[in-house]
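Using the sequences plus the hints, can you model the full thing?
Each protein sequence line maps, in turn, to chains B and F.
According to the numbering used here, the first sequence is numbered sequentially starting from 98.
According to the numbering used here, the second sequence is numbered sequentially starting from 699.
Hint data in this document are derived by calculation from the structure and do not stem from the laboratory.
Only a predicted model underlies this, so the values are computations on that prediction, with no experimental measurement involved.
Treat the hints with care, since some could be wrong.
[What the hints assert, rightly or not] Each pair of labels, with its calculated beta carbon distance range:
1) F:E828 with B:E543: 50 to 60 Å
2) F:S835 with B:E534: 23 to 33 Å
3) B:N695 with F:N822: 34 to 44 Å
4) B:P140 with F:D772: 29 to 39 Å
5) B:S246 with F:G758: 51 to 61 Å
6) F:E856 with B:D536: 51 to 61 Å
7) B:P106 with F:E856: 15 to 25 Å
8) B:G876 with F:R719: 49 to 59 Å
9) F:S835 with B:G850: 30 to 40 Å
10) F:D772 with B:L128: 21 to 31 Å
[Said to hold, decoys possible] Straight line, CA to CA, 20 Å or less: simulated PhoX-like cross-link-like pairs of lysine-lysine:
11) F:K857 with B:K108
12) B:K108 with B:K580
13) B:K108 with F:K849
14) B:K401 with B:K270
15) B:K270 with B:K542
16) F:K857 with B:K744
17) B:K542 with B:K531
18) B:K678 with B:K652
19) B:K531 with B:K744
Just so it is clear, CB atoms sit at the ideal spot from N, CA and C, and this is done for glycine as well.
Now for the letters of each chain:
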Amino acid sequence: MATRYFGQPIKRNEDPRLLRGRGLYVDDVQLPGMLHMALVRSPYARARIRRIDTSKALAAPGVVAVITHADLPANLQGPLPPLIPHPTLKHHKTQFALAPGQVRHAGEAVAAVVAESRYAAEDAAELVEVEYEPLPAVVDMEKALEPGSPLVHEDIGTNVAAHYTQVVGDVEKAFAEADLVFEEVFRPDRGQAQPMETRGVVAVYDRNLETLTIWDSTQAPIRIRSGLAELYGMRANQVRVIAPNVGGGFGPKIMMFYPEEVLVPWLAMKLGRPVKYIEDRREHFFATNQERDQIHRVQVAVRKDGTILGIKDVFLYDTGAYIPYGLIIPIVASCTLPGPYKIPNYHAEFKAVFTNKTICSPYRGAGRPHGVFVMERIINRIAEELGIDRVEVRRRNLIQPDEFPYDVGLIYQDNAPLRYDSGNYPGLLDKLLKLIEYDQWPARKEQYRKEGRYVGLGLALYVEGTGVGPYEGARVHVEPSGKVWVATGVGTQGQSHQTTFAQIVAEELGVRVEDVEVVTGDTGAFHWGTGTFASRAAVVAGNAVALAARDVKAKALEVAANLLEASVEDLELADGQVRVKGAPQRAVSLGQVAVAANPLRGTIPPGQEPGLEAARYFNPPQSAFSAGGHAAIIEVDPATGMIKILKYAVVHDCGRLINPMVVEGQIHGGVAQGIGGSFYERLVFDENGQLLTTTFMDFLIPTAMEVPDIAIDHQETPSPLNPLGVKGAGEAGVIPVPALFVDAIEDAFSGYGLRFREVPLDPNRLRQALAEAGVPGAGSTAA
Amino acid sequence: MLPESSRHRIRVTVNGQVYEREVEARLLLSDFLRYELGLTGTHVGCEHGVCGACTVQLDGQPVRSCLMFAVQADGREIRTVEGLAPDEERLHPIQEAFWEAHGLQCGFCTPGFLMTVEAFLRENPDPTDEEIREAISGNLCRCTGYVNIIKAVRLAAEKLRAGR
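Written out as structure tokens, the structure reads:
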């Protein structure tokens with residue numbers, strides 16, 4: 098083949114439009130006669146609603162409708178559908194379109210106001226009078242389990258949604274045989290994805306065609322379409338959901354459903370006019386799902402050479418007021434904990450706990466950063482206790498390259514065995530140590546100390562389950578112009594699918610990447626699929642695209658063989674043509690082949706489908722496991738508690754790379770989010786369940802000043818489980834950051850006995866901890 | 699809806715074109731550009747002046763269009779992302795640089811970055827990396843980790859210097 102596209106750092110097809118400001122995000126959809134919805138949200142975390150008076154709001158200028166729970170049709174009054182059931186999830190409580198008499202978290206939607214403009218809708222929302230009876234809120238997940246605690250859901254008599262245990266091997270025996278046993282408690286706190294675009298929905302109902310068209314900033318348009326059709330009692334093909342350009346997703350833009358996703362289309366049908374809802378940033382803080390708080394109590398059994406014999410991890414997972422997304426996060430956390438290490442005996446147990454806080458659902462990493470944080474802290478603790486270098490402890494416990502497929506012994510989030518498909522973890526570690534110049538670190542650290550500077554090196558390894566099923570599909574279609582049109586169900590929120598999928602097709606069909614147009618996230622273009630999450634698009638949709646392109650190629654060869662009077666074996670696809678190998682002047686363009694495959698008159702061979710087109714699906718048998726290691730050198734100013742990252746290094750293995758530039762971009766962004774979640778970003782709730790951090794002045798997303806340059810090296814261990822040999826890369830960047838961050842800070846102050854068990858740290862916490870440890874100059878800003 | 703007194707007639711030049719509109723006093727400049735003029739390339743990320751997605755240029759200087767009222771732009775000149783590229787065929791060198799360096803992912807924050815960077819490189823055509831970081835520190839991006847944005851600004855500076 099003349100040019101290779103797969104594996105090349107090719108510029109993105111999607112960029113020219115976006116750079117000109119011609120993307121189409123949900124808020125860019127403007128329709129004639131469009132109305133705007135604003136929501137009245139509960140100011141209390143837990144309260145009974147005694148009375149709602151909408152009369153003043155209804156009388157306000159420009160107001161068209163004010164809706165409370167009582168005004169909803171029966172099909173929208175009940176709890177919204179559960180997304181992912183699990184046998185141990187006994188109390189699968191889900192959220193409501195509008196609160197039915199009781200609110201369970203601050204910010205829960207109580208009433209909807211529809212008006213001629215957003216300004217008018219927001220004005221009128223303030224005129225809706227709601228009389229609440231405030232009730233004591235359940236805020237802390239440990240207190241939620243105490244006898245006599247108020248209950249988030251009184252009807253179930255408990256705040257425990259689920260209690261799930263998985264066991265590998267014989268943990269008691271491991272502890273009995275251990276040379277060293279210790280216990281630790283780790284607390285990763287709450288954070289939030291905060292994509293730059295908030296959530297939004299626009300809907301319009303065509304009464305003549307009886308079709309509902311919805312633009313939704315969702316990561317799962319097909320599931321939204323199917324679910325809404327079911328909810329409204331419509332045929333699936335009456336509902337079209339378009340996730341146009343989505344301004345970042347990172348997980349929380351899937352929920353099935355957010356209240357607004359149900360209300361806006363219903364209002365558009367009821368009122369006979371298009372309706373728009375755009376969440377504002379303040380709402381986003383409490384109305385869009387959050388993640389990350391867990392409390393892990395972990396016991397470890399070790400031999401004196403540093404070999405881990407067993408781990409017993411019992412943890413609490415705070416799911417917030419409802420648990421629509423099921424147990425994905427805690428299952429992923431416990432399944433990610435073992436990572437690249439051999440843990441022959443492992444007890445993983447958790448309780449999912451209701452509190453009167455915003456719902457939790459996966460945010461980039463989805464429990465993986467928690468598992469890695471716990472595991473990597475354990476490793477460091479072993480190193481400390483036994484006086485063995487932390488890298489050596491890691492090395493002694495790593496799964497070796499000849500041990501794949503490696504069965505961890507657990508059941509993963511996709512209900513398939515947690516079995517690593519391929520990998521080379523010692524290889525990753527070696528590359529990482531080289532990139533961060535680990536061998537020179539002791540001397541450098543000593544030099545820094547001599548200069549009175551506190552600089553530490555942190556590192557962390559991880560294994561990431563990616564590419565979960567059940568399936569994705571794609572249709573590849575060649576136009577008479579020779580251009581290729583690809584449609585797939587997975588939406589895109591910036592992951593470059595319009596380029597990487599085009600590269601896969603270009604490679605198979607011998608056309609230019611820019612001649613392949615990829616449509617994602619429009620149920621009108623492709624209506625089978627699940628969505629973009631769990632680092633799965635490249636693996637699941639990417640392989641479906643490859644299979645469809647291969648079918649198109651086979652058909653193009655067959656049709657062209659007739660046109661060129663040659664045999665299929667003698668033909669090749671290149672430069673947008675089908676041509677005879679060794680005689681490139683005997684060629685037909687792919688466009689001509691497409692026309693010949695769909696003639697106006699004449700005949701096509703029996704059994705051959707018309708057109709140069711194919712649709713295929715890919716159903717992975719299980720997840721594909723990416724892996725990697727990060728290391729950083731971080732300097733701390735003890736006087737201010739501020740940090741500076743002097744160096745950041747990543748070694749990453751996601752199997753075969755489709756586009757290294759895109760993969761690196763994914764890693765950069767993940768690392769930045771990891772840095773934010775480790776040090777700058779925290780959601781603070783008060784004792785009444787009020788979220789106190791609801792602006793970007795309180796919740797500090799890193800800027801270009803806080804994110805360092807990032808050195809990246811790749812290792813490619815192809816997955817044997819899919820035709821392209823790829824693994825997912827979307828979440829990798831964020832996963833090990835909290836673990837290595839804390840490691841680096843502890844290293845910077847080695848000798849002071851500092852141990853950090855929580856993330857995020859922040860300058861205040863850090864400064865206080867340093868002062869308590871007696872670090873000179875800490876806790877005082879005086880020079 | 700609102701009393702007549704709260705409506706004002708304004709005359710604004712946007713990307714070289716003059717627009718005359720009657721607007722409510724409280725209408726944000728960002729909403730004016732997006733919904734009155736249909737220039738939806740200017741995005742609104744936080745509506746409290748931190749994220750910088752809504753950055754446009756007012757008489758050549760970058761401003762947050764979510765922190766200004768449309769009436770404050772009366773008689774002034776505004777440039778938005780739609781006014782950057784010279785024509786339908788060519789991109790502005792800064793846009794080219796963002797494309798080549800993979801300086802954008804979801805693209806939502808990008809117009810704000812472009813408008814900030816364009817003004818910055820006019821003032822400082824040959825910046826250091828630290829100066830670049832500082833210059834874009836008022837714009838938030840949640841996708842790229844800024845690594846490739848910094849690379850793009852460096853590349854854009856080179857392109858602009860070469861073209862001068």
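Hint by hint, here is what the structure shows:
1. F:E828 with B:E543: 50 to 60 Å: 28 Å, violated
2. F:S835 with B:E534: 23 to 33 Å: Once the Cβ atoms are compared, 29 Å apart, the range 23 to 33 Å for E534 (chain B) and S835 (chain F) holds.
3. B:N695 with F:N822: 34 to 44 Å: 57 Å, violated
4. B:P140 with F:D772: 29 to 39 Å: Given a distance of about 38 Å, which is inside 29 to 39 Å, the answer is holds.
5. B:S246 with F:G758: 51 to 61 Å: Check passed, 60 Å falls within 51 to 61 Å.
6. F:E856 with B:D536: 51 to 61 Å: Distance hint for E856 (chain F), D536 (chain B) is violated at roughly 36 Å.
7. B:P106 with F:E856: 15 to 25 Å: At 19 Å between Cβs, range holds.
8. B:G876 with F:R719: 49 to 59 Å: 57 Å, holds
9. F:S835 with B:G850: 30 to 40 Å: 36 Å, holds
10. F:D772 with B:L128: 21 to 31 Å: 29 Å, holds
11. F:K857 with B:K108: 17 Å, holds
12. B:K108 with B:K580: Roughly 18 Å between the alpha carbons, so the hint for K108 (chain B) and K580 (chain B) holds.
13. B:K108 with F:K849: 14 Å, holds
14. B:K401 with B:K270: 16 Å, holds
15. B:K270 with B:K542: 41 Å, violated
16. F:K857 with B:K744: Distance of about 28 Å is beyond 20 Å: violated.
17. B:K542 with B:K531: Judged against 20 Å, a Cα distance of about 17 Å means the pair holds.
18. B:K678 with B:K652: 17 Å, holds
19. B:K531 with B:K744: Answer holds: K531 (chain B) to K744 (chain B) is near 13 Å, not above 20 Å.
In terms of the numbered hints stated before, the structure departs from hints 1, 3, 6, 15, 16, listed from lowest to highest.
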